[in-house]
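In my numbering, the protein residues as written are 1084 to 1661.
Note that these hints are calculated values from the structure, not bench results.
The reader is advised that the hints may include incorrect statements.
Derived Cβ-Cβ restraints for the label pairs, each shown as a range [what the hints assert, rightly or not]: (1) Arg-1289 x Asn-1356: 25 to 31 Å; (2) Pro-1357 x Gly-1097: 35 to 41 Å; (3) Ala-1578 x Gly-1097: 52 to 58 Å; (4) Ala-1342 x Arg-1289: 38 to 44 Å; (5) Asp-1576 x Pro-1345: 25 to 31 Å; (6) Glu-1591 x Asp-1557: 34 to 40 Å.
Below are the DSS-like pairs computed for lysine-lysine, each with C-alpha atoms no more than 27 Å apart in a straight line [to be verified]: (7) Lys-1603 x Lys-1619; (8) Lys-1152 x Lys-1274; (9) Lys-1212 x Lys-1310; (10) Lys-1310 x Lys-1274; (11) Lys-1123 x Lys-1603; (12) Lys-1152 x Lys-1212; (13) Lys-1310 x Lys-1123; (14) Lys-1152 x Lys-1619.
Model, not experiment: these values are computed from the prediction.
All C-beta atoms in this analysis are idealised placements derived from N, C-alpha and C, irrespective of residue type, glycine included.
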Amino acid sequence: MNTTHDSTPAVEHGTLTLGRQLGQGGQGTVHEVTNKKINKSAGGGGWDVVYKEYSPTVLPGLDTAALGKMVALPGELIPADSRWLCEKAAWPASMVERQGHTSGFLMRAVPDRFQFELRSLSSNGSGTKLLANLEFLLNEDSYVASIGLTVSDRDRLLLLADLATTLNRLRRLNISVGDLSPKNLLFAVDKHPEVFLIDCDAVRLRGITVLPQAETPDWHVPVGEEKATPAGDVYKLGLLAVRLIARHQTTTDPSALAAISPELGDLARTSLNPDPARRPTPSVWAEQLSATSRTASTAPASTTAAPNRSRPNHTSSTGRPATGGPPGTAPTPAPSPGSINWSSLKETVFSVAAGLLFILILVGVSQNDSDSDSEGNASPQSTVSEETYAPPEPSYEPSDGGTSTSGDDDSGDDSYETSAPEEPDPLDEAFAEVSPGDCLNVYDDGYGDWSEDEPGTVPCDWTTAYVSVTDVTDDSDACEEGGGRSAWSHVNDDATTTALCLERQFQEATCFLAAGSGGKPDSANLMTVWDCDASKVPVEYDFIMQITAVGAGTEGDCGQDYSWEVLGGEGTICAMVA
């Protein structure tokens, strides 16, 4: 029934100033919005907003209560989760009403880095600016390079690793993507390989969906299996891994993937098992993909015909963060090397261009006050606080937004080769500057990621010196694990690895996360740091534990408090439930 969910803030359609129509599909149309911005703390006035209006034929089946819950979700999450969701997924920001009835929703416009200049296949010039959709990569390297994309084997593996990590975190938030396919994934590789989920009003959140579940042809779970489940997402992750490495639209043969890594081949086979219970978790994929990427080729895709290719966890005590990491017609598979039909490919690309225009994403909406600085501006605003989407730390800088298609930054360089950077990668340098004995202001954020993107040293007597560095090595397996010890591994541009062996600096009155049952904690992530007064924890945890004592020895006398042996038996910490 088409009624607005009571707790969901809505924007009246009449308050929107609509610009161009950016796209049209079976569910409705997407329009540019010129008088709204979100996440103004991002700088540059905030992120651009777009409006998706459902078609009249869709509205009768629309579960607006479910849409309302999706819009409300970021405001219910802890800041770290809310920030992450804003950066990784196409999440509805605010419902839009016409005369009291839901007509669609607002979302963020696609960031520039997830778009590319399509190179004309008949000339060396640049053409339309399109979304960088993963569908393009399900073709031979010669095709990919010829349309203006520069992607290496390592990029492909790291894109898959980032997707696996994303699925794992969504799983913890009780979200299943459902219609997981290259049509609903954007990618970027310029700085580091990453993916964005789009069309997120189609996901399943806590068992509910906005519209009946549908699947993309050739990207469906086995007949009879329930749609939009975590196991179904893993099945489609396996399909994508097989096809992305094989450069093929429809294959289910994992031989090409197994040729790169037998372990990945095995993962693909178990992921495609008809029994959902036998499939691995996304975190297993993320770990193996990250490990394999370290020795994968960094050479970009070639414009020449590709050579024939053979077709053949995170422990509860240590808290080691896991490493690794639009509507439209799919491009036709590229012809076999040596017999490329450029005319056919040209028609395919521009068919894709018509369908891929500007899919749009993400969260939270507020009235753009660039029109007026007056405090009396009474234009409607979403009651979801911008603070929900703002960073919890001042150092956080969200990704760039925008939907510019002007091509003003086109350098006119027709070369398809990428030379080595003239200057070292800043992240490589940051890891190289760390030495044994340094202390870092970094910790596990509770979701399998480190709290900072790069290591930052601080004096070891500071309260923010959360870990000390015991060794710097080229092999993360050389670092001890467990009881407050872990490793932070980074793959450099030259494919070498820098691994920081870390040891937790425990301090009284600080807090960490633990899991348990029966009202008692029984396992802890000792590498986490958490606000002792927080009211929410990540879904895999149950308790916030506050350290009451840090002592030497293996036994410790904690009285009524709980105790954990730490640092390989060199000490004990006592903690109580905060």
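Tested hints:
1. Arg-1289 x Asn-1356: 25 to 31 Å: holds, 26 Å
2. Pro-1357 x Gly-1097: 35 to 41 Å: violated, 51 Å
3. Ala-1578 x Gly-1097: 52 to 58 Å: Given range 52 to 58 Å: holds, Cβ gap about 56 Å.
4. Ala-1342 x Arg-1289: 38 to 44 Å: 40 Å Cβ-Cβ, so the 38 to 44 Å window holds.
5. Asp-1576 x Pro-1345: 25 to 31 Å: At 27 Å between Cβs, range holds.
6. Glu-1591 x Asp-1557: 34 to 40 Å: With Cβ atoms ~36 Å apart, the hint holds.
7. Lys-1603 x Lys-1619: Holds - the C-alpha atoms of Lys-1619 and Lys-1603 are around 17 Å apart, at most 27 Å.
8. Lys-1152 x Lys-1274: violated, 34 Å
9. Lys-1212 x Lys-1310: violated, 34 Å
10. Lys-1310 x Lys-1274: Roughly 34 Å between the alpha carbons, so the hint for Lys-1310 and Lys-1274 is violated.
11. Lys-1123 x Lys-1603: violated, 42 Å
12. Lys-1152 x Lys-1212: At roughly 34 Å apart (the allowed maximum being 27 Å), Lys-1212 and Lys-1152 break the hint.
13. Lys-1310 x Lys-1123: Since the Cα atoms of Lys-1310 and Lys-1123 sit roughly 37 Å apart, the hinted pair is violated (cutoff 27 Å).
14. Lys-1152 x Lys-1619: Judged against 27 Å, a Cα distance of about 18 Å means the pair holds.
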